[in-house]
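Peer 1: For reference, the chains in residue letters:
2 protein chains.
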Amino acid sequence: MKFKIAILGSGNLAWHLAPSLENAGHTITEIYSRDIRNAEKLAERVYVAEVKDDLDFSESEAEIYILAVSDSAISELADQIILPEESILVHTSGSVPLNILGYSSAAYTGIFYPLQTFSKIRKVDFEEVPFLLESEDEPSLHKLKKLAKSLSPLQYVVKSKDRLALHVAAVFAGNFTNHMLLKAEEIMARQGLEFEMLKPLIIESISKSLEIGAKKAQTGPALREDLSTLDLHYNFLGYNEQLAEIYRMVSQDIMDSHL
Amino acid sequence: MKFKIAILGSGNLAWHLAPSLENAGHTITEIYSRDIRNAEKLAERVYVAEVKDDLDFSESEAEIYILAVSDSAISELADQIILPEESILVHTSGSVPLNILGYSSAAYTGIFYPLQTFSKIRKVDFEEVPFLLESEDEPSLHKLKKLAKSLSPLQYVVKSKDRLALHVAAVFAGNFTNHMLLKAEEIMARQGLEFEMLKPLIIESISKSLEIGAKKAQTGPALREDLSTLDLHYNFLGYNEQLAEIYRMVSQDIMDSHL
Numbered sequence: 001m002k003f004k005i006a007i008l009g010s011g012n013l014a015w016h017l018a019p020s021l022e023n024a025g026h027t028i029t030e031i032y033s034r035d036i037r038n039a040e041k042l043a044e045r046v047y048v049a050e051v052k053d054d055l056d057f058s059e060s061e062a063e064i065y066i067l068a069v070s071d072s073a074i075s076e077l078a079d080q081i082i083l084p085e086e087s088i089l090v091h092t093s094g095s096v097p098l099n100i101l102g103y104s105s106a107a108y109t110g111i112f113y114p115l116q117t118f119s120k121i122r123k124v125d126f127e128e129v130p131f132l133l134e135s136e137d138e139p140s141l142h143k144l145k146k147l148a149k150s151l152s153p154l155q156y157v158v159k160s161k162d163r164l165a166l167h168v169a170a171v172f173a174g175n176f177t178n179h180m181l182l183k184a185e186e187i188m189a190r191q192g193l194e195f196e197m198l199k200p201l202i203i204e205s206i207s208k209s210l211e212i213g214a215k216k217a218q219t220g221p222a223l224r225e226d227l228s229t230l231d232l233h234y235n236f237l238g239y240n241e242q243l244a245e246i247y248r249m250v251s252q253d254i255m256d257s258h259l
Numbered sequence: 001m002k003f004k005i006a007i008l009g010s011g012n013l014a015w016h017l018a019p020s021l022e023n024a025g026h027t028i029t030e031i032y033s034r035d036i037r038n039a040e041k042l043a044e045r046v047y048v049a050e051v052k053d054d055l056d057f058s059e060s061e062a063e064i065y066i067l068a069v070s071d072s073a074i075s076e077l078a079d080q081i082i083l084p085e086e087s088i089l090v091h092t093s094g095s096v097p098l099n100i101l102g103y104s105s106a107a108y109t110g111i112f113y114p115l116q117t118f119s120k121i122r123k124v125d126f127e128e129v130p131f132l133l134e135s136e137d138e139p140s141l142h143k144l145k146k147l148a149k150s151l152s153p154l155q156y157v158v159k160s161k162d163r164l165a166l167h168v169a170a171v172f173a174g175n176f177t178n179h180m181l182l183k184a185e186e187i188m189a190r191q192g193l194e195f196e197m198l199k200p201l202i203i204e205s206i207s208k209s210l211e212i213g214a215k216k217a218q219t220g221p222a223l224r225e226d227l228s229t230l231d232l233h234y235n236f237l238g239y240n241e242q243l244a245e246i247y248r249m250v251s252q253d254i255m256d257s258h259l
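Just so you know, the sequences run in chain order X and H.
Oh and the first sequence: position 134 is 134 in UniProt numbering, straight run, nothing missing.
Oh and the second sequence: position 192 is 192 in UniProt numbering, straight run, nothing missing.
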């Protein structure tokens, strides 16, 4: 099942999604961006009939319209977009409920949420991207499943409430782990130490955690309730109050989680 | 260069270090633990002449004495241990300074700190363990380098002050990332969702971070300063005030770190 698809947005997700959809045999009919230059940049990555910065899609041949924009832009775009009959409008957000698309001119609405981290400068293997799907219309859900399946073997049908929980968990699992690595990098750099030294520890920590579960995998001064080391570390971080406070709170939460 | 080595301690590190030292051709002369039963358990993993729960090593044939005990026990053991002449006493801690061994009966002192996470239930590949070494005595430092080299290609000579910074960074990079994964697991479990769904995201987040650096790798609602999603997530976590507060603080720190 091959689809004609319009992409709205030109950010990190759209950047990778458009070429992958094309590679999977679908046709990108239009790329929309508020700033036409961004749409043009993305259009260099795929064959596309039209780039545009207006929301009149009444003449579009697409069946599926993918809103790959920031959460805060979804509602406005959904309200303003002019769609042909029988079209399916989906958004790609982890946190925005399905019903936000309810006032749009779309015949059907749905969610097409790729649970992955996307940066323009790094290629993404869509085979490793779980797609979280939702629609109240069975035929539309079926089509979204087919579309997801053309990109990845991992698809899940998830209700909006569960998707929010999942997105919160994903922020901890992805963004927050990455932020802890940034803080580690900064602490090392400040002392003139090579971050490289920490890489084996990072790789082993994550591998162990995924294999035996994070609870059993935990080690370190907070788990041991080694208060004098915790104090030493807290004082060491005195040059950055906010960082010291994060150290204190996360350490406290480790202790509380392992009672 | 093969050494005769006494191990003091029977925790996660000693558990893996003793057999690895033996495999590398060294001889474990004694295993000490405050609780002799723990020493006996570890002695089942290696050939060892003596297990003991007293600190009189005056008759020991070992040259190197490794304190693989919790940070808080180091000072007391170092003060009480009775060592033969010309012996080298080292501890394995990331945070305790070298001079804490200064009042011991050891002729020479040093640090032999493996920068890795150790759990008894998971095998560790010592080839992937960086050893951080320190000694004020050149011949002792040379021996510690040889000893580390027999286990791993990764050795660094690091002063106590830098080692503390490194240990703080290691807590962020290892323990805290693992704790973020635990929180993600718990959020998923509470909603009846499979943690499995998050694994591709976790693997990609860490791989990306290690490859392009955590700063460039960051994505998510905090980076986008998407305040309405942050609010939504914060409110979702209302069932656990401490967790919500961690969400708020780390998100704030992500925003502040990417100004």
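A portion of the hints provided could be inaccurate.
Just some of the chain X residues that point at chain H, by a computed CB distance under 8 Å [as the list claims (entries may be wrong)]: (1) V46; (2) Y47; (3) V48; (4) V51; (5) K183; (6) I202; (7) T219; (8) S228; (9) L232; (10) G238; (11) Y239.
Think of the hints as simulated: they come from the structure by calculation, not from any bench.
Since this is a predicted model, take the numbers as computed values, not measurements.
C-beta atoms are modelled at their ideal positions from N, C-alpha and C, and glycine is treated no differently.
Peer 1: Against this structure, judge whether each hint is valid.
Peer 2: Hints, one by one, checked against the model:
Restraint check, X/V46 versus chain H: the minimum CB separation of about 22 Å is more than 8 Å; hint violated. A cut of 8 Å between beta carbons decides the hint on X/Y47: the least distance to chain H is about 27 Å, and the hint is violated. A distance limit of 8 Å between C-beta atoms decides the matter here; for X/V48 the minimum to chain H is near 25 Å, and the interface restraint is violated. For X/V51, the shortest C-beta to C-beta distance to chain H is roughly 24 Å, which exceeds 8 Å, and the interface hint is violated.
A least Cβ separation of about 5 Å between X/K183 and chain H falls short of the 8 Å threshold, and the interface hint therefore holds. Evaluation of the X/I202 hint against chain H yields a held restraint, the C-beta minimum of about 5 Å falling below 8 Å. With a cut of 8 Å, the hint placing X/T219 at the interface with chain H holds, because the nearest CB-to-CB distance is about 5 Å. The interface hint given for X/S228 is met, as the beta carbon of that residue sits about 6 Å from the closest beta carbon of chain H, less than 8 Å.
Here the hint on X/L232 is kept, as its CB sits about 5 Å from the closest CB of chain H, short of 8 Å. A distance limit of 8 Å between C-beta atoms decides the matter here; for X/G238 the minimum to chain H is near 11 Å, and the interface restraint is violated. At a threshold of 8 Å, the smallest CB-CB gap from X/Y239 to chain H is about 11 Å, leaving the interface hint violated.
Checked against the numbered hints above, the structure violates hints 1, 2, 3, 4, 10 and 11; every other hint is satisfied.
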